[in-house]
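Residues per chain are reported as follows:
8 protein chains.
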Amino acid sequence: MGSDSDWPFMKEAAAALEEFEVGYEADVVSAHRMPHEMIEYGSRAEERGLKVIIAGAGGAAHLPGMLASVTPLPVIGVPVPLKYLDGLDSLLSIVQMPAGVPVATVAVGAARNAGLLAVRMLAAHDADLRRRMARFQEDLKAQAQAKGERLRR
Amino acid sequence: MGSDSDWPFMKEAAAALEEFEVGYEADVVSAHRMPHEMIEYGSRAEERGLKVIIAGAGGAAHLPGMLASVTPLPVIGVPVPLKYLDGLDSLLSIVQMPAGVPVATVAVGAARNAGLLAVRMLAAHDADLRRRMARFQEDLKAQAQAKGERLRR
Amino acid sequence: MGSDSDWPFMKEAAAALEEFEVGYEADVVSAHRMPHEMIEYGSRAEERGLKVIIAGAGGAAHLPGMLASVTPLPVIGVPVPLKYLDGLDSLLSIVQMPAGVPVATVAVGAARNAGLLAVRMLAAHDADLRRRMARFQEDLKAQAQAKGERLRR
Amino acid sequence: MGSDSDWPFMKEAAAALEEFEVGYEADVVSAHRMPHEMIEYGSRAEERGLKVIIAGAGGAAHLPGMLASVTPLPVIGVPVPLKYLDGLDSLLSIVQMPAGVPVATVAVGAARNAGLLAVRMLAAHDADLRRRMARFQEDLKAQAQAKGERLRR
Amino acid sequence: MGSDSDWPFMKEAAAALEEFEVGYEADVVSAHRMPHEMIEYGSRAEERGLKVIIAGAGGAAHLPGMLASVTPLPVIGVPVPLKYLDGLDSLLSIVQMPAGVPVATVAVGAARNAGLLAVRMLAAHDADLRRRMARFQEDLKAQAQAKGERLRR
Amino acid sequence: MGSDSDWPFMKEAAAALEEFEVGYEADVVSAHRMPHEMIEYGSRAEERGLKVIIAGAGGAAHLPGMLASVTPLPVIGVPVPLKYLDGLDSLLSIVQMPAGVPVATVAVGAARNAGLLAVRMLAAHDADLRRRMARFQEDLKAQAQAKGERLRR
Amino acid sequence: MGSDSDWPFMKEAAAALEEFEVGYEADVVSAHRMPHEMIEYGSRAEERGLKVIIAGAGGAAHLPGMLASVTPLPVIGVPVPLKYLDGLDSLLSIVQMPAGVPVATVAVGAARNAGLLAVRMLAAHDADLRRRMARFQEDLKAQAQAKGERLRR
Amino acid sequence: MGSDSDWPFMKEAAAALEEFEVGYEADVVSAHRMPHEMIEYGSRAEERGLKVIIAGAGGAAHLPGMLASVTPLPVIGVPVPLKYLDGLDSLLSIVQMPAGVPVATVAVGAARNAGLLAVRMLAAHDADLRRRMARFQEDLKAQAQAKGERLRR
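Protein chains in written order, with the working numbering: chain A, 1 to 153; chain B, 154 to 306; chain C, 307 to 459; chain D, 460 to 612; chain E, 613 to 765; chain F, 766 to 918; chain G, 919 to 1071; chain H, 1072 to 1224.
It is possible that part of the hints are untrue.
On the chain H side, residues computed to face chain F include the following (Cβ under 7 angstroms) [to be verified]:
#1 Lys1212
#2 Leu1222
#3 Arg1223
Take a look, some chain H residues computed to stay more than 12 angstroms from chain G by CB distance [said to hold, decoys possible]:
#4 Glu1083
#5 Glu1117
#6 Ala1182
Note that these hints are calculated values from the structure, not bench results.
Don't be surprised by glycine CBs; every beta carbon is placed ideally from N, CA and C.
Just chain A, same shape as in the assembly (with noise of 0.2 angstroms):
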């Protein structure tokens, strides 16, 4: 993420990864304020065995475009809101990228599904963790229908 104050929205990306027991690193990499290291780090992800980046910023939130333009694994980019426009700038900022280098963009603030589109895409290539993917998606449906039981009327 690009600044501590993004931790609050992105520690919930972590969470969903240690549901699904997927290992990860979490690390503040600023596109402003380390632009240096932000480059080598995304440069050097590969190398070092990452399969996909999450990248969480907000406003003018170059981040997760930066660091796709310089791995070639898929970067997931979270719009972490500010204080002002309710994180519409910190979307279209991630996810009106050029043709070229795409950001896989989630809703504002939707860190957690960040955690969950990693986990799809590992999953993908892995039988196991596709059947977890199913499992948790019949779990959020029992959970849905045990609300509706209670609403129901």
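Chain A is already provided as a structure; the job is to place chains B, C, D, E, F, G and H on it using the hints.
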């Protein structure tokens, strides 16, 4: 995609996949006009051996999110711009998914990037594809540099 | 509705129906967490004797449109506002349906109006209900006039 | 509709009604240029035997809401896009009605869907019409499938 | 105004008029709950001797435009912000009037400015009032200068 | 107006004034390119006998608000749409004035309505002009009715 | 700034200048309440030896653009967010200046960055100040790295 | 600039610099396709003697902000409008920079103003250039006055 009118956009995703020699199938599976078939399509995608789904749709764009709800595979959503509102409706309808069911959203009209994002997802487990993506990024750079040379003054 | 967290909004639709002594059922049928059940629910609504469906959802709000795609009944959509974007995403995701599959959309958070709209639809074929809706509108007027009297100067 | 300049949009509502052999009348009743006639038109709609009113208007689009305020019938609003702002003003002016007086709003420029929504409302009390709406939806599916067949690869 | 819930905003218009000793009446005349009375109110405003009408309304704000359609008097519209969308819907619903029927729109929530605008309109034909408006502007300046003095460094 | 490129819009204000035989002057007084002259123009408007000022401007549209700050006369602002953003920037720059200094804002590009609003302001103190405005509104109605007759079915 | 209510924002610009030991003056110069003084202030800024002007304003924010129109000095505009619309109106009113008169606009509420931008402008001709800005950027990096260290896992 | 497709916009910045006889270099330095070169370009700008950097980019426009993060020089950002969203995405991606790293943002598509802003920055330390900027502003005024004369009536 949800309609053949999306094909002029979506064929760029196909073209990107072809450049990387990634096999694919293209189909019209409308969330609103073929809901049962759409659910069936999504539900069987994994067992049919698909690894990633790219779904383009416009306006109240429900196809990517609905497919994501019936498959554990990663789903990439392409917001197709319609006649009014410049694709802002398509973008929000695709990206703002609830916790539990992510869609990897790309820019408005950015089907080519959807294809490239799919390649990156596959490449995460395929060193050869990863090398080709890295080479592709080198080519992008070379083209940009050539353009710079013509303009430089 | 798509989640029990929508109930604080949606119960106002139920209240409006009760004021007009119109029978109803309330249920959680999530488009994204119970897709098969949602499709099943919508597909069987007509044969079960329902006349109108009210569906509330937020963010990438797919429930109203998906139900409309599997039933010939009129579907009323309530854009539920989420934490960010003030319901603009919910509104566009519900109202911007493609040609062929309309959703009758009401204002952001306006579940009470969804109930009243359902009453109007039923009243179109029920002279007594129509009279009560007319009387209800008279009451609205009387209340507004009473407020005016207190404020007038 | 509020102006004959809305007719190129609104005639698609008429066409949809004709496809279902639903009788209708078309008229220009401007909220801002014929306010008394508009109020009169709305107030007498029920006793004249109308079942549903479809009203299209653009910009500060007051026609649908004003008609809804003087009739107990359901009113469908079509946001007609004007030269600037892509119909966003028309949409918000129609959909954001206060509690007590709902308007069933469809997508920007979606007059055809307004006609189909009216058919659904009538069909809720007309088994034959309901069957035809279900058949119409089957046809939509067949067309979508045919398009898919041509594109499939 | 359209509802007594607008009074916390609209009373600032009244206060501005009182500062300039301009006579006024305040009333609730709801476009959607008292349509006939609203039309009647607007139609009789001129013969009752009113010179300017100030109308505040929120959401699908139809009151200012409808009054303007039944009177030749100038109508000032105040976009009242509701719970969602920050008054953007109110603003567009009031300002985007069709050719032929203008509404003099002020800022979101700016009832005080509506009162001051009414004073300016009356002052255009009243040299004394114009002098007092000029003096009022001098006072604004003096206050701003005093604030500047405290802050200056 | 702020530039002669605004004239294609603003001449409709002039035309409206001519229809009502209201005298006027038209001038280019740019807030940003002739700031001293603009201030001078506004400051002297009252003593020169002007009754109302109509000011059109686009983008960061400062002309109407600045004129309003140096005159006690009512100022009508016309948001002129520029190449991008459809006049939303012009609208917000004109209408969102701070407390103390109102601008009577009309719709994006609605110079004709600015002229008609000026006529209404003058008519508030001129029974003859008021009668002509009422007749003008009758004519609008007659035209709308004639259009309705042609379309009615 | 245009009002002392902007000071809670604008004092961060002052703080940034103090960190770099750059002299400055702070004053309230309201475009709308002190137009002549504002023009005078801007017109004399150069001869008084000022090098850069920072102007914060909200809503229909005319101060930065008007100052830019009467001085050849660079003007930095800070969009101050008001109660509604989250500063979008302030941003567009400041940044969308017509050709010929630029304003250097920073983010909504970003007065600190306005101060830092002023330092950069001065530093372009002051090697010592440039070195301190470079050191400041090093410090930003060190802080971000320290935060990363605490979070890293 | 980030792409040669930005040149039709950005050449107006070059033209403005030429009018003031300010030396410049123009280059394509893409944030997303030449990230290492872009970082290198920005990092060496100061030691190569550049005084100001003008960077134009569209969509998820990261070039201006990234350059600002690796140089102590002032960076001017030009939001280039792309095919959809009218440059709103470009504007927010450039202007909404985090505290510590400002970008001096101009209007959507306003490359000429970027050039003029650069001249103002240089002129702050160059009395002759300041005089020419003042003369340029006089010329703008004379042109505006001439236009006014032709239109005046």
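We went through each hint and held it up to the structure:
no. : hint    : in the structure
1   : Lys1212 : holds (5 angstroms)
2   : Leu1222 : holds (6 angstroms)
3   : Arg1223 : holds (5 angstroms)
4   : Glu1083 : violated (8 angstroms)
5   : Glu1117 : violated (7 angstroms)
6   : Ala1182 : violated (10 angstroms)
Violated hints, in rising order: 4, 5, 6; the structure is consistent with all others.
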